[in-house]
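Student: Spelled out from the first residue to the last, the chains are:
2 protein chains.
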Amino acid sequence: MKYYIGVDIGGTNVKAGVVDENAQLVAHVSLKTKAKDGYQSVLKTVKQAIEQATELSGEPIERIKTIGIGCPGSMDSEKGVVLYSNNLGWKNAPLAKDLSEYFTGKRIILENDANAAAYGEYLAGAAKGATNAVVLTLGTGVGAGVIINGEIYKGSNNAGGEIGHTVIEVDGAQCTCGRKGCFEAYASATGLVRMTDEMIEKYPTGRLHEMVDRDGKISARTAFNAAKLGDPEGMEVVSKYIKYLACGITNVINIFQPDILCIGGGVCNEGDNLLKPLKSLVAKEIYSKDSKKNTEIVICTLANEAGMIGSAMLGKK
Amino acid sequence: MKYYIGVDIGGTNVKAGVVDENAQLVAHVSLKTKAKDGYQSVLKTVKQAIEQATELSGEPIERIKTIGIGCPGSMDSEKGVVLYSNNLGWKNAPLAKDLSEYFTGKRIILENDANAAAYGEYLAGAAKGATNAVVLTLGTGVGAGVIINGEIYKGSNNAGGEIGHTVIEVDGAQCTCGRKGCFEAYASATGLVRMTDEMIEKYPTGRLHEMVDRDGKISARTAFNAAKLGDPEGMEVVSKYIKYLACGITNVINIFQPDILCIGGGVCNEGDNLLKPLKSLVAKEIYSKDSKKNTEIVICTLANEAGMIGSAMLGKK
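Chains as they are written, first to last, in the numbering used here: chain S, -11 to 305; chain R, -11 to 305.
Hints were generated in silico from the structure; no laboratory data involved. Careful, some of the hints might be misleading.
Same chains, same names: a pair is fine if it fits in one copy or spans any two.
Unchecked claim - Listed below are the simulated DSSO-like cross-link pairs for lysine-lysine, each with C-alpha atoms no more than 27 Å apart in a straight line:
(1) Lys272 to Lys228
(2) Lys231 to Lys168
(3) Lys142 to Lys116
(4) Lys281 to Lys142
(5) Lys94 to Lys228
(6) Lys94 to Lys32
(7) Lys168 to Lys142
(8) Lys142 to Lys305
Isolated chain S (complex conformation) (with noise of 0.2 Å):
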């Protein structure tokens, strides 16, 4: 059996993880990565992470001949280098270098978070044994990975993918890219609290408000809540949020036409509440609605682990 690392570095989380052939997890460990304390400090928990989960696995590190490393923001995966991340604070961070000359030998690569996970999922998750498939995370932004024949789709510069960034209301809610509109400002976690806030604002003595009096904060669950109680107020937010959310998956299979599309993250938690309606919605917009072979919507399977399995299995190749 071969064996693989692949590490996942998240905004909170630094995961890394022994992977072997048959993209099977082994081991694994999670540390924090305090972005705040600048790239140095987080390479180091980086190297820790790697170190940890090998000796874990019980597997020589010597045997390990590639690590894989799925990174938040934009890379040059030719010459290792992370060259903007806006959640880690990083600009042309040399990061394969650096770990190169740490864990001498080894081959090191790079690839965006979400595509690492995409092919994590793809290879051993919701999406296994598509030729085609998007995955698409509902967090704190919509992270998007786009796996065609079999492989990551990255465009002909490394930036293609970014499905989160495509507008679906002009002049539309402000989004984090400097557009307007675009699906990730509707169809995020942070686009969910953003909708139940301004229903609060517009019903400030409603359920929701007492909801989050109680809960001292409004959440992406906020609205689900208020909507399982019959709440009128978090049924609407709810149904505007699956709106917008159907809107944008039924342009990604109207592009696509991948075999499967997975949703992932918090927000899908929600399960068939969230589930059901968002495909009663798309199957009554998409193009190919009289197709015999339609795109299957489903959630994600590998929750945390997608990112390190993918990222490990990047070395395979």
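Chain R: place on chain S using the hints.
Tutor: Same frame as chain S, now just chain R:
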């Protein structure tokens, strides 16, 4: 030298051409489609066009092994059936079978017309030399063809690449596909005419109205012509049209990051009056604005020949 036949079935004309192995059009003819007369009539026209083009080329038809057909609508390329073509009024038309009975021994290849045209531009036109390319045709609708790694991208059910039917304005203008706010509803010539019409309704005594009165109809040129004369309402329509066009094109670039994005269709006759402001808006909006390599936006060069060339060259593969 080897030769291939390519047919482009449009709502107005059926064009057939003989194309050499270097993707050069050797001879071609154009006949009226007369789609209203029904499938059997159009089938007869297609046969005639193929025979006439072959005769013109001077090559004996026996030497030509394949006939590629670009046809509007959705295809089952494997079975050689046009599943549905709104423009032609066809449903489950067994085009490949019917043609191969007539042209015995020849391989008949069916492809969506926008895909065939994109493939033509990729092989012999504006997108020549690219690895990844997107071709958009701004006509009655917005046709789109996506080339990934030199191949037409069709998704998992031959229905991929419908970029025209991605919503850029939730609850926006009605699209022919049933959705509201599709890119096609804004960026097509039809969309431009609608915007011009709306402006005339708003300012019924302005220059736009005068021009329409003189020309006898509103066309996609009306607003551009008025804008050239400095008419403020004409300029407003042009500016709005280009804003929506830029929005959809930025979406496409954020997703595909192709080497090149080619736009074609009658609206592109406006040349730099369209292209310059379009490029400037896109450059400001794209996610990869700091990238060293970004998508080039150009106007298609093959005009009406792209479909024939692309369809023909499908036989070379």
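Student: All hints are to be evaluated individually against the structure, with a verdict given for each.
Tutor: A quick look at each hint next to the structure:
{"no.": "1", "hint": "Lys272 to Lys228", "in the structure": "within (16 Å within a copy, 29 Å between copies)"}
{"no.": "2", "hint": "Lys231 to Lys168", "in the structure": "both (18 Å within a copy, 12 Å between copies)"}
{"no.": "3", "hint": "Lys142 to Lys116", "in the structure": "both (20 Å within a copy, 20 Å between copies)"}
{"no.": "4", "hint": "Lys281 to Lys142", "in the structure": "both (26 Å within a copy, 13 Å between copies)"}
{"no.": "5", "hint": "Lys94 to Lys228", "in the structure": "neither (49 Å within a copy, 54 Å between copies)"}
{"no.": "6", "hint": "Lys94 to Lys32", "in the structure": "within (17 Å within a copy, 65 Å between copies)"}
{"no.": "7", "hint": "Lys168 to Lys142", "in the structure": "within (24 Å within a copy, 30 Å between copies)"}
{"no.": "8", "hint": "Lys142 to Lys305", "in the structure": "both (16 Å within a copy, 25 Å between copies)"}
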